[in-house]
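Student: Sequence:
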Amino acid sequence: MADSQFMERLLKFANGALLASVMAVIATVVLAYPLAGSLPMPAQVGAHIGTLIFATTLKLSYVTRLVSLYSLGRPVH
Numbered sequence: 001m002a003d004s005q006f007m008e009r010l011l012k013f014a015n016g017a018l019l020a021s022v023m024a025v026i027a028t029v030v031l032a033y034p035l036a037g038s039l040p041m042p043a044q045v046g047a048h049i050g051t052l053i054f055a056t057t058l059k060l061s062y063v064t065r066l067v068s069l070y071s072l073g074r075p076v077h
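For the sequence shown, our numbering begins at 1 and goes up steadily by one.
If a hint is listed, it holds; no wrong ones were tucked in.
With beta-carbon atoms standing in for the labels, derived distance ranges: (1) LEU19 with PRO75: 15 to 23 Å; (2) ILE49 with GLU8: 32 to 40 Å; (3) ARG9 with LEU39: 36 to 44 Å; (4) TYR70 with PRO40: 39 to 47 Å; (5) MET41 with SER4: 48 to 56 Å; (6) ARG74 with SER38: 40 to 48 Å; (7) ARG9 with HIS77: 18 to 26 Å.
No lab work stands behind these hints: they were computed from the structure.
Note that beta-carbon positions come from the ideal geometry of N, C-alpha and C, so glycine has one too.
The task is simple: from the sequences and hints, build the whole structure.
Tutor: Written out as structure tokens, the structure reads:
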């Protein structure tokens with residue numbers, strides 16, 4: 001039972017992290033490419049690095065979501 005509760009909390013956390021990382025990737029891509037001309041070079045570098053970091057968190061949160069869904073016996077899509 002405790003394992004099921006932990007997986008439910010993990011699923012909620014993974015869903016939230018997935019949403020936050022998608023929003024962060026979108027923001028950093030917009031900063032790194034369309035708005036690059038209006039940003040100083042350090043901000044552009046930070047936006048490119050942020051894109052890599054947030055893409056990694058997106059992948060990790062998605063895998064965490066899949067693991068928790070599988071552990072709860074729910075369909076994994």
